[in-house]
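Asks: Residues per chain, in single letters:
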Amino acid sequence: MLVLRRRAGESLLIGNDVEIEVLAISAQGVKIGIRAPRETVVLRKELKITQQQNKAAAQGLSGVDFKQALEKLRSNSRIDPALR
Amino acid sequence: MLSVQTKYFGMLSCREEEVFEFHRGMPAFEAEKRFVLIELPENASLVFLQSLTQPMLCFLAFPILVADRDYQLAVSAEDLAELDLDRGRQPELGCEVLVLALVSLQDGFSATANLMAPVVLNLKTRRGLQAIRQDRVYSHQHPIESLSPGAAC
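So the protein lines, in turn, are chains A and B. Each residue of the first sequence is one higher than the one before, counting from 1 in our numbering. Each residue of the second sequence is one higher than the one before, counting from 1 in our numbering.
The set of hints was computed from the structure by calculation and includes no laboratory data. Treat the numbers as computed from the prediction; the structure is a model and nothing was measured. Note that beta-carbon positions come from the ideal geometry of N, C-alpha and C, so glycine has one too. Hints are all accurate, no fakes.
Pulled a few chain A residues facing chain B out of the computed Cβ check, cut under 7 Å:
id, residue
1, E46
2, I49
3, Q53
4, A56
Which chain A residues stay away from chain B? Per the calculated CB distances, all over 10 Å, these:
id, residue
5, L2
6, L12
7, G33
Throw the hints in and build the complete structure from the sequences for me.
Replies: Below, the structure is given as structure tokens:
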């Protein structure tokens, strides 16, 4: 990974048409401005991870294995039904 | 009563007031804005989050404290506002909100729970959303084998 040191107000360029500017730095975080072509997708990484994880979760259980998988999940989780 | 075509349980019916409204949809499923919870008496703790408009979309989930009994919520102010909740504090589990961890099954039945992006449901206004954490405290693939027994919701 390329590591650069930048101060507030300084920016860097990625390729010909993406600019990342450090707008402000505080204890809570870094405020970043991004200048990029409209068709360039900019996502928080955790949103991308959540999309991928949701797609995996939506696969769910296949019909045949349904009961078996539930049983397995339940025994794995060792949950006391009284806790619900 | 609404008739709901479900992924696992055939046709079920529910009342309109049982529906949770997800105004933003769910990440990767942005068009799905209405879900109902299905609970099975014989499957304590495991719940199903079924889309009303997409019968094949049904998530498996655990209440978050079942997945991690010490789980600490960190819902952003923006998400709290979207949920009609007080922006100044985290909501109370069980009373104000039901918080679920979505479960993914890998090959061979190993399963993980997404603790990084819990689904938060406002029990009073029936608003829901997936609240993606901005810290890195919890995994999006928390192994279910390490579930803590004895968690109270």
